[in-house]
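Here is how the chains run, residue by residue.
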Amino acid sequence: MDTIADHLAWMAWTWQTIVFFACMAAALAGLTTLAVLRPETPHRGILGFATTRGDRFFVSLLASAFIFLGFIRFGGENFLYPAAAALLLAAVMFRFA
Amino acid sequence: MDTRAFANRAWLFVVPVMIVVLFSSLTPMMTVVNYSFQDTMGQNNFFWNGVGWFQNLLDPTTAVGQRFQGSLLRNLLFSAVVLAIEVPLGIAVSLCIPKSGWRVGAALVLIALPLLIPYNVVGVIWQLFSRTDIGLLGVGLTAAGVPFNVTQDAASAWFVIIVMDVWHWTSMLALLCYAGLKAIPDAYYQAARIDGANRWSVFRNIELPKLRKVLVIGMLLRFMGSFMIYTEPFTVTGGGPGEATSFLSIDLVKMALGQVDLGNAAAYSLVYNLITLTVCWVFFTYTTHADQKDAA
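These protein sequences, in sequence, are chains A and B. Just remember that this note's numbering sits 4 ahead of the position in the first sequence, which is counted from 1. Just remember that this note's numbering sits 21 ahead of the position in the second sequence, which is counted from 1.
These aren't lab readings, by the way, just hints derived from the structure by calculation. Where hints are given, some of them may not hold.
As the list claims (entries may be wrong) - Some, not all, of what chain A presents toward chain B, calculated at C-beta under 7 angstroms:
no., residue
1, Ala-13
2, Met-15
3, Ala-16
4, Trp-17
5, Thr-21
6, Phe-53
7, Ala-69
8, Ile-71
To be verified - So, partial list: chain B residues that the calculated Cβ filter (under 7 angstroms) puts toward chain A:
no., residue
9, Thr-52
10, Asn-55
11, Gln-59
12, Leu-79
13, Val-237
14, Ile-296
15, Thr-297
16, His-310
What the hints assert, rightly or not - Pairwise CB distance ranges, derived in the manner of DEER restraints:
no., chain 1, residue 1, chain 2, residue 2, range
17, B, Gln-280, A, Tyr-85, 31 to 41 angstroms
18, A, Thr-56, B, Leu-116, 36 to 46 angstroms
19, B, Phe-224, A, Ala-30, 51 to 61 angstroms
20, A, Asp-10, B, Ala-84, 28 to 38 angstroms
21, B, Thr-297, A, Ala-33, 48 to 58 angstroms
22, A, Ala-9, B, Ile-40, 39 to 49 angstroms
23, A, Ala-29, B, Gly-71, 18 to 28 angstroms
24, B, Tyr-210, A, Ala-33, 52 to 62 angstroms
25, B, Leu-157, A, Ala-33, 15 to 25 angstroms
26, B, Val-184, A, Leu-66, 43 to 53 angstroms
27, A, Arg-48, B, Pro-230, 16 to 26 angstroms
28, A, Leu-66, B, Ile-40, 46 to 56 angstroms
29, B, Thr-172, A, Ala-29, 48 to 58 angstroms
30, A, Leu-66, B, Pro-139, 31 to 41 angstroms
Using N, Cα and C, we set each Cβ at its ideal position, and we do this for glycine too.
Take the sequences, apply the hints, and build the full model.
Here's what the structure looks like:
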């Protein structure tokens, strides 16, 4: 009998991308749960417009993508640096945006 | 305080849409992400390639990097030119549409006609129109002594593609602006008349500010449309002469389907997607933020 893995073979999964998408799904589920349990009002921070947790999360992700691409563009090798920068940026976003 | 009843059950109605999106967008996109980190020799055998494709794509000294950079710059130039022509022209056309009587219907139908034509048919119309043997435009320009050849001359190809886009899409901006103009209450015009404002200051101080929202939406739609354009230029020029009109989508399709270069094409499409996502987010945030400021 075919396993689920056989059915998904065409998608060419790797454990790295599985971990990535699992983290995304977990983050979205977490944010949804948080929104239900602890409703929030958007507040204005350094971005200059009212943001919710979801907005801050989205901005962090978008900016992280550009941080990593910029790092690759200028020939960086050790990905701990952009990862640290992205985490720092996310922390700043969630605290001050 | 908002006292309306709030039912979370409404979310259930979104479930069918979510399922469709899962199959039509999310699953293919996850596959593209998987491809962008691997290499394949076919037969569904994949090898981990790390960020190799992204390094390739973002380095302008590689062949793929050069293609990406060239297409990106061409596409940005195309979007800028198209917006710079269509927005002022759309406003101008909307100001000329009659405000009452049977002429309104006639003008709106005529203006909307180009929007009803399928993209590939628009391409075919302009491809034929610009041919130098049977096309009215091509024959006319050649007879007038203007050097014109879409298949060999990059300037001719750009000219036709830009005029085609203006012809196809100015109508949308004109209709949006017309709707915006109709929404301005008469009191504003009466006040302007009492103040003795001339036509220009009515436009500058009443009509243009009131059109801001529709213009932002129109510009977003036209930027996205021109930044992701494929069918029309592909039908007219096929991306040529040479690479002269290879915009991002055209180049990407060549890479993914023509050369079956899956890894490079996957990295290409993810970076492309990131750019459109960012622009879309900026526009969206700007419009919603502007709404909040207006309401305050």
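Can you give the numbers of the hints that this structure goes against, from lowest to highest? 8, 13, 14, 15, 21, 22, 25, 26, 28
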